[in-house]
Amino acid sequence: STSFVTGHIGDALQLGLSFESYFYIPGLVLLGTSNQPYSMSIWIKPAVINSSSIIHVSSGNNGSGYWCLGMLDLSSSGQLIASSYGNSSMSITGPTLLQNNWSHIAITYSLTNGLRLYVNGTLVNSTTPFSYVASGVPNFMFLGNALAGTTCNGAQNQFFGALDEFRLYSRELTTSDILTLSNL
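At position 144 of the sequence shown the residue is numbered 144 (my numbering), and the sequence of numbers has no breaks.
Don't take every hint at face value.
[What the hints assert, rightly or not] Here are the computed distance ranges between Cβ atoms for each label pair:
#, residue 1, residue 2, range
1, N62, L111, 28 to 34 Å
2, N120, F4, 21 to 27 Å
3, N35, S176, 20 to 26 Å
4, F23, S77, 22 to 28 Å
5, L111, I25, 19 to 25 Å
6, N87, A47, 34 to 40 Å
7, T122, N87, 27 to 33 Å
8, I25, E172, 17 to 23 Å
9, S89, T6, 31 to 37 Å
Hints were generated in silico from the structure; no laboratory data involved. Just so we're clear, the structure is a prediction, and the values are computed from it rather than from any experiment. Glycine included, C-beta positions come from ideal geometry on N, C-alpha and C.
Sequences are here, hints too, so could you generate the full structure?
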């Protein structure tokens, strides 16, 4: 189940009160389009440090399907892992997050710049440029749980904590855009 708690800005979604709590966004056409630039921005506050799924995308409405990907995960030690897909999974790591502390996370992708990971407004890691190979169909996004996405790369476990101010863009945000979002 989920509930609302005091967020970084206003209210936040508290996940992990029970297993299989998540927020679901269907019909993401552009995220299913190869080489389409995208950006995601979210405030996260892990209550428990465990290997967990923060942002999971799939071609199926159950977290699985023929195409699925953990786009933002935590490792068992709390290290951030951002992923995208070229001809294989492209993953980069970020810092280890602290329990019960808010952090602003942004992920961007473009054909020119590849995958980039920002934490609290600062670029912390990036890939070389690559071609994003998408599902070719409208995608489903799950915040806080990968559900049945056990055949996908990335963490499969429930995220325990709060998520706030999630934003999805069909363009690559600039460093200035991300700095503005991280200072809200």
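| Hint check against the structure, violated hint numbers in rising order | Violated: none.
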